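K.L.:
Residues per chain are reported as follows:
Protein chains: 2
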Amino acid sequence: MKSRGYQAWLTEERWKNTARIETVRPLLGVVSASVNPEQAVGAAAIEEMVNGITSFTGIHPDVTVTSGPALMVIGAKEKAESVVQELNMYTLKEEGYVIRSSRGQSSPFVVLFGGSEKGLLYAVFHFLRLLGTEAELENLNIAQTPRNALRMINQWDNMDGSVERGYSGGSIFYRENRVLLESSRIRDYARLLASVGINAIAVNNVNVHHEETRLITDAYLPDVAKLADLFGRYGIRLFLSVNYAAPMELGDLSTADPLDEGVQQWWRDKASEIYRRIPDFGGFLVKADSENRPGPFTYGRDHADGANMLADALAHWGGLVLWRCFVYDCHQDWRDRQMDRARAAYDHFRPLDGRFRDNVILQIKNGPMDFQVREPVSPLFGAMEHTNQMMEFQIAQEYTGQQRDVCFLVSQWKQAMDFDTCLKGPGSTVKRIASGELHSYRYSGVTGVSNIGDDDNWTGHPLAQANLYGFGRLAWDPDLTAEEIASEWSKLTFTSEGRVAAMVTELLLESYSVYESYTAPLGVGWMVQPHYHYAVDVDGYEYSKWGTYHFADCYGIGVDRTISTGTGYTSQYAPVNRERYESLEKCPDELVLFFHHVPYTHVLHSGKTVIQHIYDTHFEGVERVEAWVHRWQELKNEVDSERYEQIAERLGWQENNAKQWRDVINTYFYRKSGISDARGRRIY
Amino acid sequence: MKSRGYQAWLTEERWKNTARIETVRPLLGVVSASVNPEQAVGAAAIEEMVNGITSFTGIHPDVTVTSGPALMVIGAKEKAESVVQELNMYTLKEEGYVIRSSRGQSSPFVVLFGGSEKGLLYAVFHFLRLLGTEAELENLNIAQTPRNALRMINQWDNMDGSVERGYSGGSIFYRENRVLLESSRIRDYARLLASVGINAIAVNNVNVHHEETRLITDAYLPDVAKLADLFGRYGIRLFLSVNYAAPMELGDLSTADPLDEGVQQWWRDKASEIYRRIPDFGGFLVKADSENRPGPFTYGRDHADGANMLADALAHWGGLVLWRCFVYDCHQDWRDRQMDRARAAYDHFRPLDGRFRDNVILQIKNGPMDFQVREPVSPLFGAMEHTNQMMEFQIAQEYTGQQRDVCFLVSQWKQAMDFDTCLKGPGSTVKRIASGELHSYRYSGVTGVSNIGDDDNWTGHPLAQANLYGFGRLAWDPDLTAEEIASEWSKLTFTSEGRVAAMVTELLLESYSVYESYTAPLGVGWMVQPHYHYAVDVDGYEYSKWGTYHFADCYGIGVDRTISTGTGYTSQYAPVNRERYESLEKCPDELVLFFHHVPYTHVLHSGKTVIQHIYDTHFEGVERVEAWVHRWQELKNEVDSERYEQIAERLGWQENNAKQWRDVINTYFYRKSGISDARGRRIY
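In the order they appear, the protein sequences are chains C and Z.
Position one of the first sequence corresponds to residue 1 (the UniProt record's numbering), numbered consecutively onward.
Position one of the second sequence corresponds to residue 1 (the UniProt record's numbering), numbered consecutively onward.
Just so you know, the hints here were simulated from the structure itself, not pulled from any lab data.
Keep in mind that a hint or two might mislead.
Treat identical chains as interchangeable: a pair holds within one or across any two.
Derived lysine to any residue pairs resembling SDA-like cross-links, with alpha carbons at most 20 Å apart [unchecked claim]:
1) Lys-545 <-> Thr-667
2) Lys-659 <-> Arg-671
3) Lys-545 <-> Lys-659
4) Lys-545 <-> Asp-663
5) Lys-545 <-> His-533
6) Lys-659 <-> Arg-335
7) Lys-545 <-> Tyr-684
8) Lys-659 <-> Arg-337
9) Lys-659 <-> Trp-546
10) Lys-545 <-> Pro-530
11) Lys-93 <-> Gly-436
12) Lys-545 <-> Tyr-532
13) Lys-545 <-> Asp-560
14) Lys-79 <-> Arg-25
Predicted model, so just to flag it, every value in this text is computed and none were measured.
Given only the sequences and the hints, what does the whole structure look like? Please build it.
P.N.:
Next up, the structure:
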């Protein structure tokens, strides 16, 4: 029996409203499907529909399957005929779908029509969401197609069973250098991903260590092929992270120079070998010349040389190269205030625009630093008109509470997606770049670093499931609001009855601002314990090689990234944004310390001084978490005890964490500035 | 062939002066020994003498061994007869010895006379030191007896092969839960220890984990017995660290309450079992109720209850309980400035004076905190007239450079040994308490946490060998000066010819003050990276639970431990010291921040302000290390390349470390205080 935590939002709980079950019995008792029998995805779509109906209602529908275009009729097939005929005239995109239902007829029906079996699968999951939230099923007229072509997940799983930056147990994919093919978790994970529209996955850590380098060899390819099948059945294409030095590390060559013919041939052969076993293999994800990983720099080549060589090897098979742009000097001297890690990705890659093959996609983290709670959008995103790009988010809460603290990241991602780069005038939003609308990219989209592990409930904190759900939904449709996503997830995961879902939604929607309020202030970032990245340590990274500083002294704080007096980072933005960030007057409060070094007495747009803002937000942050603790206690009898207790325990942890942040941050800045809290609250 | 690093100070190098070899040939060609054949130590003494003579000179002496009192005559036995007869009239203490030699006679001789075979072994090593430093051998009239009865080493080795706070490789004792009996290293380590007079060793970490708990069971006792034999042959008694919860963890009982009869019986049985296998077993070393280790507190008992129960179990066999006093609250709230970890040992133990059995020895760290570069002497030491005590030093350089930076700790230990507690009026020095002179303790002495591992040269840094050597020599005779010890070690370890030994001696003698100069200032301590304890992190422990704070703000720094306005820690000292530490005017500069919170502008006895002292010492510290680097380069052709390169490399590391400390400390305090360096040097 799966626990409620394990089921996640694909709940298998029977509706409590038995009257409603009787009402829908005529509709849900019959399923007539037509699919291409050669597409395993079609069978998955039918299976999900049947199991979903049975779970919610106890009804075991009669199922008929024929060969034909991807289509499913629930209920009265003959009544649906005219709708089916009309829909057959349309050409849908491969992943698109339409759902239409009858209008109050005595013989109700629902038609699900897919642009392909994948589209049909997405339609089924959409319909199951309607069942799960006990929505009305009449008068449906839904047409959906995903905005982003690539909606991808990156697993940072290692073959020893660990997960880099994993906060929910070990890997579900590997243990002691074995692929856990016997585990039903991998299939269940594929279902979860497909249900929110994910269509690609890289199944190993971007830091490719010794054993993982061998994933592209005979030793592991048969297992990788089985993984690819598992995911393929749910419309998810499999990618591997590769080691740029593989031709050497696997002992075949003495160089990995991308311009070396032997190296090129080695990768071509490797590609053939992989595609012979995995015809729909997605391609390679590459972290090269970054944080001590090997790459083309060793051979005096640049990133375009490096990526294109791999792209050429994959091109024949339709494979892609996802080339990460997280490239910076990780041996920086903190004494040098002109050096600026934030500049690095743009400085490295912007000059290469136009030089990449069209099956290369540059994968760019949402911010210029590294998944901080608050950063501006990376200026590189959209700045290369002739180079495919996709945006990388981190669903794993490395710097955002590590799945001990609640932090609903959809709020953050929405801000990034809606950011107007102004690169082609107003309206040049990130979501229009990711979707390939602004620059007509051949390939683009969004990718997210997974937050799941082998904890029974996948994500450690039950509420962290909302981030995985939200990532998929937002990747599908970036115009969805955080409110819509939070509410949808809460109803599916808990119940649409009672006050739990509403309370959970509220909590989720508050959580990003709450987490920000008690951590590093005003966009300056970091202030976390080195390596661990959870608890507070204001100076933890201040005198280190990592390029992550706040420069607080007894007068003020912040990083001067202006053109006029600082590192010049603001020059990487289009004029409107450049001017906004360059100007202390115009710079938004939440990023003021990211762009400017200001006195503690500087007055923000909010009317508060910087120091008073620090004090106020840190006191408020704790108060808000305390309020959560009490509100959650009110729901004790309305949530299953398993999840009630897990959440209650973690809210307690969060309260402690928030208090430590509050007291350390406030004490640090009080001791440093000598300025008292205007409200005389306790600072140590 | 042993490397020079492996040989350490028991060098096997032939004298270069071949003329001298011919001169001593008549003397060293004959060895006549009498020993008790039942004492393995006697055989070891003879073996060491013979091998030593052969190593230095190539002479293979004729050896005669008879049964009798512990005695050795080198050279002309008949000529020595009158000396032997005279010596036979004396009663030496068991570990004492006399060395007498002829005065310019044509038939030279040397007589070594021991209070026992152990005394004879020490005499042999003394004589070998004379050979090793090519000292004159005529007119010797040496009488030695150790000042401290217990001269002990604590290994913090774990059975998985790791060493807690080990900086020179893995354990020489264990690997993967096996005792490495087949290794000759253990015997060679015993030789090194005996050669400087060590007579006891605890062979496992005071933090006794799961596997080590089983050392006192059938699973490991046969191996432990073999270890005891190995060390016993060199006069070293073997102790084990035990887990206070062993009766429970070994699965026998449901409690470890020291007043429980079943528990008492369990330990009595355990003692019998151990002594049946190891008749000269030393006893138990116990870390209880400290840093999350189990202990009597769990059962509402105190440390006397806890220690006495074990003491009673061992008493019949002559075993000892070494009970560590490193007991404090390791979950302190940094917000509470009245709570003071420095007070803990005294507050816990002082009230228990007189309640401990006379085979219990309280083992007290030299300072009240934890082996910092600079601390006052623990006020508990000597404050319990009716309770045996011994002082614990740390030879391993946990907080003092981790055997990457040179730090000759004899300088520090000398200061502790010479500290006058004034507990019984002037002259109540620590060394007179450790030796049992001041309070007539039945057992007392000094113990040191080992700095060796399975690195070829034992200690990682070749110069760190001097600390192990120095610890033994100082434990034997606390009146030796740091200069004498450093010079002796340098000559033995390098050569007494040329300028190397002089340069090494100079470097060693400077090193403690150099290391202090670029690390935490004026006795405040810490400022290291949490857990690792090497590199600088000023606030690393400032907001933690460990009770280790500096309280720096924009006005000043330091911990107020006075009675009048602070934590009252100074009250734990005898009146003279109490008044000295309590008074800001009288408090020695080097401890001013340990005892007082002062403004950065406070003027020290040196005439400098605190802030200027910080800047000056940190600039000077780096300059002095830079000078070492250059001075060492001058010796390139005078030291074997193995050790030359090792030392050169480590001096480079030390230079980098010192620079990082300098710049971080100076920048931290400049940013915090806003006060510029009076000499306008570069601060960031």
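K.L.:
Does each hint fit the structure? Answer for all of them.
P.N.:
Status of each hint after checking the structure:
| no. | hint | in the structure |
| --- | --- | --- |
| 1 | Lys-545 <-> Thr-667 | between (26 Å within a copy, 15 Å between copies) |
| 2 | Lys-659 <-> Arg-671 | within (18 Å within a copy, 26 Å between copies) |
| 3 | Lys-545 <-> Lys-659 | between (29 Å within a copy, 14 Å between copies) |
| 4 | Lys-545 <-> Asp-663 | between (27 Å within a copy, 13 Å between copies) |
| 5 | Lys-545 <-> His-533 | both (16 Å within a copy, 18 Å between copies) |
| 6 | Lys-659 <-> Arg-335 | between (32 Å within a copy, 12 Å between copies) |
| 7 | Lys-545 <-> Tyr-684 | between (30 Å within a copy, 15 Å between copies) |
| 8 | Lys-659 <-> Arg-337 | between (32 Å within a copy, 18 Å between copies) |
| 9 | Lys-659 <-> Trp-546 | between (27 Å within a copy, 18 Å between copies) |
| 10 | Lys-545 <-> Pro-530 | both (11 Å within a copy, 17 Å between copies) |
| 11 | Lys-93 <-> Gly-436 | within (15 Å within a copy, 91 Å between copies) |
| 12 | Lys-545 <-> Tyr-532 | both (16 Å within a copy, 17 Å between copies) |
| 13 | Lys-545 <-> Asp-560 | within (18 Å within a copy, 34 Å between copies) |
| 14 | Lys-79 <-> Arg-25 | within (16 Å within a copy, 120 Å between copies) |
Violated hints: none; the structure is consistent with every hint.
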